[in-house]
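> Given the coordinates of chain A, assemble chains B, C and D onto it according to the supplied hints.
There are 4 protein chains.
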Amino acid sequence: MNFTSDNVYGVDPRIMQAMVAANARLTDVSYCHDDGAKAVDARLSEIFGRDVRAFLVVNGTGANSLALSAICPTYGGVFCHETSHINTDECNCPELFMGGGKLVTMAGEGAKLAPAVLADKLSQFGHGEHGAKPYGLSITNATELGMVYTPTEIRALAEVVRPRGMKVHMDGARFANALVSLGCSPAEMTWEAGVDVLSFGGTKNGGMILEAVVFFDTALADDFLYRRKRTGQLVSKGRFLSAQMLAYLQDDVWLANARRANSLAQVLAKGLQASNRVRLSNPVHANEVFAIMPKSLFDAVQARGVRFYDWPWDGLAADEIHCRFVTSFATPEEHVIQFLQMVRELS
Amino acid sequence: MNFTSDNVYGVDPRIMQAMVAANARLTDVSYCHDDGAKAVDARLSEIFGRDVRAFLVVNGTGANSLALSAICPTYGGVFCHETSHINTDECNCPELFMGGGKLVTMAGEGAKLAPAVLADKLSQFGHGEHGAKPYGLSITNATELGMVYTPTEIRALAEVVRPRGMKVHMDGARFANALVSLGCSPAEMTWEAGVDVLSFGGTKNGGMILEAVVFFDTALADDFLYRRKRTGQLVSKGRFLSAQMLAYLQDDVWLANARRANSLAQVLAKGLQASNRVRLSNPVHANEVFAIMPKSLFDAVQARGVRFYDWPWDGLAADEIHCRFVTSFATPEEHVIQFLQMVRELS
Amino acid sequence: MNFTSDNVYGVDPRIMQAMVAANARLTDVSYCHDDGAKAVDARLSEIFGRDVRAFLVVNGTGANSLALSAICPTYGGVFCHETSHINTDECNCPELFMGGGKLVTMAGEGAKLAPAVLADKLSQFGHGEHGAKPYGLSITNATELGMVYTPTEIRALAEVVRPRGMKVHMDGARFANALVSLGCSPAEMTWEAGVDVLSFGGTKNGGMILEAVVFFDTALADDFLYRRKRTGQLVSKGRFLSAQMLAYLQDDVWLANARRANSLAQVLAKGLQASNRVRLSNPVHANEVFAIMPKSLFDAVQARGVRFYDWPWDGLAADEIHCRFVTSFATPEEHVIQFLQMVRELS
Amino acid sequence: MNFTSDNVYGVDPRIMQAMVAANARLTDVSYCHDDGAKAVDARLSEIFGRDVRAFLVVNGTGANSLALSAICPTYGGVFCHETSHINTDECNCPELFMGGGKLVTMAGEGAKLAPAVLADKLSQFGHGEHGAKPYGLSITNATELGMVYTPTEIRALAEVVRPRGMKVHMDGARFANALVSLGCSPAEMTWEAGVDVLSFGGTKNGGMILEAVVFFDTALADDFLYRRKRTGQLVSKGRFLSAQMLAYLQDDVWLANARRANSLAQVLAKGLQASNRVRLSNPVHANEVFAIMPKSLFDAVQARGVRFYDWPWDGLAADEIHCRFVTSFATPEEHVIQFLQMVRELS
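Residue numbers (the numbering used here), protein chains in the order written: chain A, 2 to 348; chain B, 2 to 348; chain C, 2 to 348; chain D, 2 to 348.
Extracted from the complex, chain A is given alone in its bound form (with noise of 0.2 Å):
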């Protein structure tokens, strides 16, 4: 029984025929300038309602830390949550690839930004040269900690940045996990409610290495293919990646993945609950599971072999310990019953 994370799980088997099928093409362009890259291109400005420019791109820091790079310059600043995944999960990349660029940080629950809070630390920002220019605002949806942003709380943030000229960026590590819980379209999370680039995850969700940068102001993606190339973010046999993202996107995959990981969150999240032992620490919206629960109880379902991870939380008592639980596309529904069982005998 695994909870770590939902990168424990492999690669759904329609997205591995995906990649056995594209390698029977005896040849193929290199450098993600095949036919299917432009086919992704395509696909995915069906899915937004509108040409975007889609980069495919190695991994979830990369996507992150790139699209950054791009609406961000070394002098500047990229205002996010303190928890986000692009401060503390990605040792530096973001930094690295802005080329010194900072990110300023502000609290806030759920992980998620409020406009208030945001316009207040912007507030400090008019000193001059002296501190970093503000330039971009990232959030995640769904955040670091499960939770959702609306369109209408992403607009109300988009707002408070836009007469600076700052862009947008959405870290989309669980774009779909959050897109499904909402319920509402690709182009209302992103491009309507003011994103301007979206790192698009799939990896999590069933791919292998699936991951995109989409811009929506287009005008971001100048240089792009330069941009991706300096980072180490090119991969030569491009066929595998966009072969993976095409079968991703293809019958609605990527959206059946992602409403199964999101059920098994509440099926979890709803068995926890009813334990006297354990509770919630946020509201489940994606597919993250947060608790609190006794230590005594973290070791004795440990000791059973059920993997998750502690997690940092404010104000725990002694003897108490917050956790993460992850469900995935691939996450046996049997793991979630046999592990609330357990809970239950242990309460």
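Quick caveat, the hints were computed from the structure, so don't treat them as lab data.
From a predicted model like this one, the values you see are computed outputs, not experimental measurements.
Keep in mind that a hint or two might mislead.
Unchecked claim - Beta-carbon label-pair distances, calculated as ranges: (1) 164(D) x 304(B): 35 to 41 Å; (2) 296(A) x 164(B): 23 to 29 Å; (3) 305(A) x 125(B): 23 to 29 Å; (4) 305(A) x 311(B): 28 to 34 Å; (5) 25(B) x 321(D): 37 to 43 Å; (6) 277(B) x 311(A): 24 to 30 Å; (7) 321(D) x 166(B): 49 to 55 Å; (8) 164(C) x 110(B): 54 to 60 Å.
All residues carry an ideal CB built from backbone N, CA and C; glycine is no exception.
Same frame as chain A, but now just chains B, C and D:
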């Protein structure tokens, strides 16, 4: 009347005279390899009671950013206060010189870090290569809110990071002001308390371009000549930098200047406290006074030609403003007296 | 008929099958900490006859740039051939990952460096911190012009830089092709000859994403986990990288594939030499053939669907063109034969 | 007797006096926003016959590296001579400030680039994102071998790069020396010939810290205040920089100083040519003389206290040495005469 900063004042006449005198030599060795630079090393070793390696640089931003680059690699993190100068007023220069190294920020009263807060923050950096690797701690003395760390407080912070092999940097843009406030020795305030590298600032206290990076852990200085050059912090006619530093350190000019500035700050603080319309926001330890006043008073004194900055502060009433007043070695005492008189008249 | 590059071909079926097999495991440890990654370390240690530390990365550009970042600081220089891949085909990625470290370039026939030229270039770096500090030497084997360095030649170069404490990197994008050409052991071609770190490439020789940085001087690998992460070269579902590498190294797949590619290059070279309209510009040691032909011939065969690149060359006649032909593990032999037949018909 | 560099001499007394005078003002606006800085802008606009934007910086390395960062992104390339100061004497600072941007080097007599060589080099950059994208051309006037580019020659180079949208930078560390040698106007030597941004150096010609980045294409100066700050090139007590520049430009101090230095170089060159043991290696256009002499002569004069550097040169006989002599605004004429007398005695 100008209390905006200590750097709006000019150069101590003795330091200026030393520069004129240095010009009498027809030629001198360039690029900071002059005999004066060697004398600076010797003189600072004497002052700090230990063999140090000192490098003259161009400004405080350069000194700090270079010092950090010597203790923190590109994938590392330097822990500091969220309002530290390196984080808010150096426009990403630390990140640039560190090659993307991250500043990890914390809150704390008086712009001071508390050991428990630091320890807690560090405890979040245990998930391997996903987060920046902790390499450095940077504290400012006197702090950005005009307070000082005592040697005991510095040691307590150093002891938090030492077991991890981390190094300690002190931003001493107002080093002399802190030193005379504490009444301790330079050694007690630095390496005896655990400081490995110091930005030793003199520009604000009477110099023109008068900054040095001082290594107590001299192994960190290996290749520092290259670091200084490659960051554009090396001056060709270095004799004019060493002349400044030697004059600054001679006959306790540096200490006398700092005492004068601190003393004026005390006068100013006491005078402001006497007003029923002004309250201090922070204890006054060095040459800066932070105070909250009604906007109407702020406007009235500014209209009469008194210059000082408003400064960010949480929890102000709607009609209040938080202000910073800086006194310097050259601030005329009568300006302080006249200003206080003005406040009294307006109270 | 496609001789443009070895990377236009797909994935060796045995390697693809290994990826499919790796997908059978429900979960695996992510971020290249899987058992497969450990097995790669062990297997490469066996192959190189020494304990190595090997890190799977995403592409050759990443492998090279990361390897260089481990041997050269921001103010350092890496000496290399002016036509080396790191200098001409990686769009500043080495400079980015090194944080500004400089590639110092030299000329040399066959894209090979000569010890005397290297020694002479190094002699220009004696004026202290004004120039980059020499830290690394990088050579490519097989070279960008399809030739090989012998172990003796490698040792001669290493001996030039060793007294300065410099480290030696080998770009082995076509390592297997060089190895089978030389008929020596992997140890003889690398660490026994003075190589400290190797970019071990397999993508061009049958992999999909199949590259590793291999450290012989394992002290250089300290903190490499952080380096890999902060450059965006870490893949979450790492099992699919380790599976590729293990399959590649099993049953001498890598050597057999390289032998086949090299052998086809010999066939091609001999056939071209037989034409009175074509002459080879370089000896053919590995799987690349470089030849000079009339533009009319170039146009004629391209018009018949043969794909290959023109390539920079000095001293061509006005109607001549210099061309590169690459053969791979998967190039159909009949394509070579048909192409040579075509040339004969046009001669 | 010291001919090692123009920067071993001190500061022109008129410039030093201007600094002393600037100190008479009790306070001034800091961070190079003083009225003096505005006057510099106006004065340079007058001198160049066009509205320029000028920024005072700390040194030539900073000026060059900052200027390049304004014309070349991280994935770009700046084309320059292989012996240019930016390539050989700035220890990777250009690469640092450009965020990894590459210097693409070429050979050429007299440290000058030829249009055909430049065009040929550029022709190699047509394979898309694999190589750096050409963004800038940098030339030095006077060159590192003491020669000058004429306006016609500059225009010929600019015309090679202009059709690609590339920008032209001039390193004017010895701008005045070149200008008085050419006898043309500042406009003719710069923007009229196609220069977009200039490093305008005065330190070597009588200043202490006297360098400016001057933009003729003023759109390039957007955000330059941030660039200057984030690279540590911003000085707080900026009045002492503007005072230097204004004094330098007043009453043609800069031109007179350069004429004097150039004239001494002519005397020195003629004297050396008269010796049967010395031959000039390059025409003498400005204030540097390059000559080849027997090592025995070199040793003999150095033993008598004459200081000058040996300098790299190809094709020397075994007993020969190539040397550089630099004259400055302050070099005593009798030193030149005495040295020539010494050479005569030893010939």
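> Run every hint past the structure and note whether it holds.
So, going through the hints one by one against the coordinates:
1. Under the hint 35 to 41 Å, the C-beta atoms of residue 164(D) and residue 304(B), about 57 Å apart, miss the expected range.
2. Between residue 296(A) and residue 164(B) the Cβ separation comes to about 24 Å, which falls inside the hinted range of 23 to 29 Å.
3. Look at residue 305(A) against residue 125(B): about 28 Å separates their beta carbons, and that is inside 23 to 29 Å.
4. At roughly 59 Å, the beta-carbon separation of residue 305(A) and residue 311(B) lies outside the given 28 to 34 Å, and the hint is violated.
5. At roughly 38 Å, the beta carbons of residue 25(B) and residue 321(D) sit within the given window of 37 to 43 Å.
6. Range check, residue 277(B) to residue 311(A): Cβ separation about 53 Å, and the 24 to 30 Å hint is violated.
7. Between residue 321(D) and residue 166(B) the beta carbon distance is about 53 Å. The supplied range of 49 to 55 Å therefore holds.
8. Between residue 164(C) and residue 110(B) the CB atoms are about 55 Å apart, so this pair conforms to the stated range of 54 to 60 Å.
Hints 1, 4 and 6 from the list above are not met by this structure, while the remaining hints are.
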